[in-house]
Amino acid sequence: MTKAPRTLDDGRAPGEIPLSEIEAILEGRHTNLFAVLGLHKVGDVYRVRCFIPGAEAVTATALNGTELGELTCRHEAGYFEGIVSASQRQPVRYRARRGDDEWAVTDPYSFGPVLGPMDDYFVREGSHLRLFDKMGAHPLKHEGVEGYHFAVWAPNAKRVSVVGDFNTWDGRRHIMRLRQDTGIWEIFAPDILAGTPYKFEIVGSDGEVLPLKADPYARRAEMRPKTASVTTPELVQKWDDEAHREFWEKADHRRQAISIYEVHAGSWRRKQDGSFLSWDELAAELIPYCTDMGFTHIEFLPITEHPYDPSWGYQTTGLYAPSARFGEPEGFARFVNGCHKVGIGVILDWVPAH
Numbered sequence: 009m010t011k012a013p014r015t016l017d018d019g020r021a022p023g024e025i026p027l028s029e030i031e032a033i034l035e036g037r038h039t040n041l042f043a044v045l046g047l048h049k050v051g052d053v054y055r056v057r058c059f060i061p062g063a064e065a066v067t068a069t070a071l072n073g074t075e076l077g078e079l080t081c082r083h084e085a086g087y088f089e090g091i092v093s094a095s096q097r098q099p100v101r102y103r104a105r106r107g108d109d110e111w112a113v114t115d116p117y118s119f120g121p122v123l124g125p126m127d128d129y130f131v132r133e134g135s136h137l138r139l140f141d142k143m144g145a146h147p148l149k150h151e152g153v154e155g156y157h158f159a160v161w162a163p164n165a166k167r168v169s170v171v172g173d174f175n176t177w178d179g180r181r182h183i184m185r186l187r188q189d190t191g192i193w194e195i196f197a198p199d200i201l202a203g204t205p206y207k208f209e210i211v212g213s214d215g216e217v218l219p220l221k222a223d224p225y226a227r228r229a230e231m232r233p234k235t236a237s238v239t240t241p242e243l244v245q246k247w248d249d250e251a252h253r254e255f256w257e258k259a260d261h262r263r264q265a266i267s268i269y270e271v272h273a274g275s276w277r278r279k280q281d282g283s284f285l286s287w288d289e290l291a292a293e294l295i296p297y298c299t300d301m302g303f304t305h306i307e308f309l310p311i312t313e314h315p316y317d318p319s320w321g322y323q324t325t326g327l328y329a330p331s332a333r334f335g336e337p338e339g340f341a342r343f344v345n346g347c348h349k350v351g352i353g354v355i356l357d358w359v360p361a362h
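Note that my numbering has the sequence shown beginning at 9, numbered continuously upward.
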């Protein structure tokens, strides 16, 4: 029996990808990195491939720190690969080194998808009623690792990447997985923390890199004039407005007298220096005022993120993100809770187009 050759005709070892594919990765032209990078079974062995710019040497490890193998540098720009001592698919972490510097990188391409077939089904049908729970950026513990799941709809894009300080805004580093049936791109990015600015880098159908895009489903945004979206934890709010909710569940809305006070949060009242009141400061002044005046509801002109201070907020740039002018989203939750505790309802102008 003839033994398999140690090298292929072009000098590669079996399982190594061709130089043309490496160049596509380095140039940001590769559109399906999940098929190449990460941990893959090749024949009877497992092989790891990674792209870590700036690294001179890379060791693959399991999440618990067990070394899986030293990788071979196949391109000085930071492409490494090699056979590792793994027996099944698993998340992989790398110990990267350059001179005396050493840092850890958890491989996003070693994780499986987060969205599932039922998400695809309802999105394709147009009947998914909780897209805000699936799209955008959400904290998640996935396959044993904490991080954020990112998802955005871009059906005509050739490539979509999530970029931020965590990858030096390099669109080659976190190229997302395309769900072919829906046009949604997704990726689980491990080790990202709350409060991290991010955007999406999109390559259009013509191959042109578009200006960076904020997340249309972001739940928090940077303070203007900055325009990035910001990762935020799931809202933790101790709601004690049961009496208000129970009242309106039982009340006949057609017969209940209401009196609505319409408010522009940015101009109703300001601090002495002209700066905006925070949600907690608004709660301390606006809620007692409405109670004393006999109003049953507060209706806000748009509080969602928008770029221009003198406007009323109708040029919305983030439909799911309370404006950073008034503080963090948790502050708005406290404001609503405070209103409900004294029997005041809150109505929001939500403007998808103006």
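Don't take every hint at face value.
Claimed, not checked - Pairs of lysine-lysine residues, derived as DSS-like cross-links and limited to a Cα-Cα distance of at most 27 Å, are as follows:
(1) Lys349 <-> Lys258
(2) Lys246 <-> Lys149
(3) Lys246 <-> Lys349
(4) Lys221 <-> Lys166
(5) Lys258 <-> Lys279
As the list claims (entries may be wrong) - Computed beta-carbon distance windows for the label pairs:
(6) Leu220 <-> Ala259: 44 to 50 Å
(7) Arg20 <-> Asn164: 24 to 30 Å
(8) Arg277 <-> Pro219: 23 to 29 Å
(9) Tyr316 <-> Ala265: 19 to 25 Å
(10) Cys81 <-> Ser275: 56 to 62 Å
(11) Val50 <-> Lys246: 29 to 35 Å
(12) Pro125 <-> Asp248: 37 to 43 Å
Worth flagging that the hints you see were computed from the coordinates, not collected in a lab. The beta carbon of each residue, even a glycine, is placed where N, CA and C say it ideally should be.
Results of checking the hints against the structure:
no.	hint	result
1	Lys349 <-> Lys258	holds (17 Å)
2	Lys246 <-> Lys149	holds (23 Å)
3	Lys246 <-> Lys349	holds (12 Å)
4	Lys221 <-> Lys166	holds (15 Å)
5	Lys258 <-> Lys279	violated (40 Å)
6	Leu220 <-> Ala259: 44 to 50 Å	holds (47 Å)
7	Arg20 <-> Asn164: 24 to 30 Å	violated (35 Å)
8	Arg277 <-> Pro219: 23 to 29 Å	violated (37 Å)
9	Tyr316 <-> Ala265: 19 to 25 Å	violated (37 Å)
10	Cys81 <-> Ser275: 56 to 62 Å	holds (59 Å)
11	Val50 <-> Lys246: 29 to 35 Å	violated (52 Å)
12	Pro125 <-> Asp248: 37 to 43 Å	holds (39 Å)
In this structure, the earlier hints numbered 5, 7, 8, 9, 11 are contradicted, and the remaining ones agree with it.
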